[in-house]
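**Student:** In the order they appear, the protein sequences are chains S and R. Under the working numbering, the first residue of the first sequence is numbered 1, with each subsequent residue one higher. Under the working numbering, the first residue of the second sequence is numbered 1001, with each subsequent residue one higher.
For the record, the hints were derived by calculation from the structure and aren't laboratory data. Treat each hint with caution, since some may be false.
Derived, one-sided and incomplete: chain S residues facing chain R with beta-carbon distance under 8 Å [stated by the list, open to error]:
1) Thr-30
2) His-43
3) Leu-44
4) Leu-46
5) Tyr-50
6) Phe-90
7) Lys-101
8) Leu-102
9) Phe-104
10) Gly-105
11) Ala-106
12) Gly-107
13) Thr-109
For every residue, glycine included, the Cβ atom is placed at its ideal position computed from N, Cα and C.
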Amino acid sequence: AQSVSQHNHHVILSEAASLELGCNYSYGGTVNLFWYVQYPGQHLQLLLKYFSGDPLVKGIKGFEAEFIKSKFSFNLRKPSVQWSDTAEYFCAVTFRSNDYKLSFGAGTTVTVRA
Amino acid sequence: NAGVTQTPKFQVLKTGQSMTLQCAQDMNHEYMSWYRQDPGMGLRLIHYSVGAGITDQGEVPNGYNVSRSTTEDFPLRLLSAAPSQTSVYFCASSYSDPTDTQYFGPGTRLTVL
């Protein structure tokens, strides 16, 4: 079965630090890649997505992600975090081999200290 | 637009009881889905629907039923609640398929004693 792995369970940072969250997925043919975020008390929402083209994708709130096909990875980055980036971040993938049903990673809780 | 709404927000059940979690969207989306979120496991797909009258099983369908009689509503029924169903349940909708941006509801926190 296809799977999505997020390397870090909980990341604690200070404001202005750089953030990188890892995401790897198992082979499943054609994939579409997503990062969703859940801020405290808010609904899950889309940060960014990648379908094809430029492997460096820019999303909302200064986030970007890089698709590296050879490594089956889609890591999320932000050069300088703010306290308001405290949230839970989920990597998600649709696999053609799974009829494009959305599979989520376990999530990474990011705490930014002021 | 209200987006995706879910009721109730919290629920406590006893083992063996049944209940229905409600989900509604006002965006005229065709694709709707239910997920459960458990610590360390992310969100897992329970059931999904690609349009009114069409439903299918996801990754963890056992113990749950769904129906889709209208485009707007997609209720999730727990037939006989078990402690293993203690979880947070999210409903989501998107324009036509799972590769579209998913819009999530606020979630229902369910505890089964």
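**Student:** So, for every hint listed, does it hold in this structure?
**Tutor:** For each hint, the structure was consulted:
{"no.": "1", "hint": "Thr-30", "verdict": "violated (10 Å)"}
{"no.": "2", "hint": "His-43", "verdict": "holds (5 Å)"}
{"no.": "3", "hint": "Leu-44", "verdict": "holds (4 Å)"}
{"no.": "4", "hint": "Leu-46", "verdict": "holds (5 Å)"}
{"no.": "5", "hint": "Tyr-50", "verdict": "violated (11 Å)"}
{"no.": "6", "hint": "Phe-90", "verdict": "holds (6 Å)"}
{"no.": "7", "hint": "Lys-101", "verdict": "holds (6 Å)"}
{"no.": "8", "hint": "Leu-102", "verdict": "holds (5 Å)"}
{"no.": "9", "hint": "Phe-104", "verdict": "holds (4 Å)"}
{"no.": "10", "hint": "Gly-105", "verdict": "holds (5 Å)"}
{"no.": "11", "hint": "Ala-106", "verdict": "holds (4 Å)"}
{"no.": "12", "hint": "Gly-107", "verdict": "holds (5 Å)"}
{"no.": "13", "hint": "Thr-109", "verdict": "violated (10 Å)"}
Hint compliance for this structure: hints 1, 5 and 13 are not met, and every other hint is.
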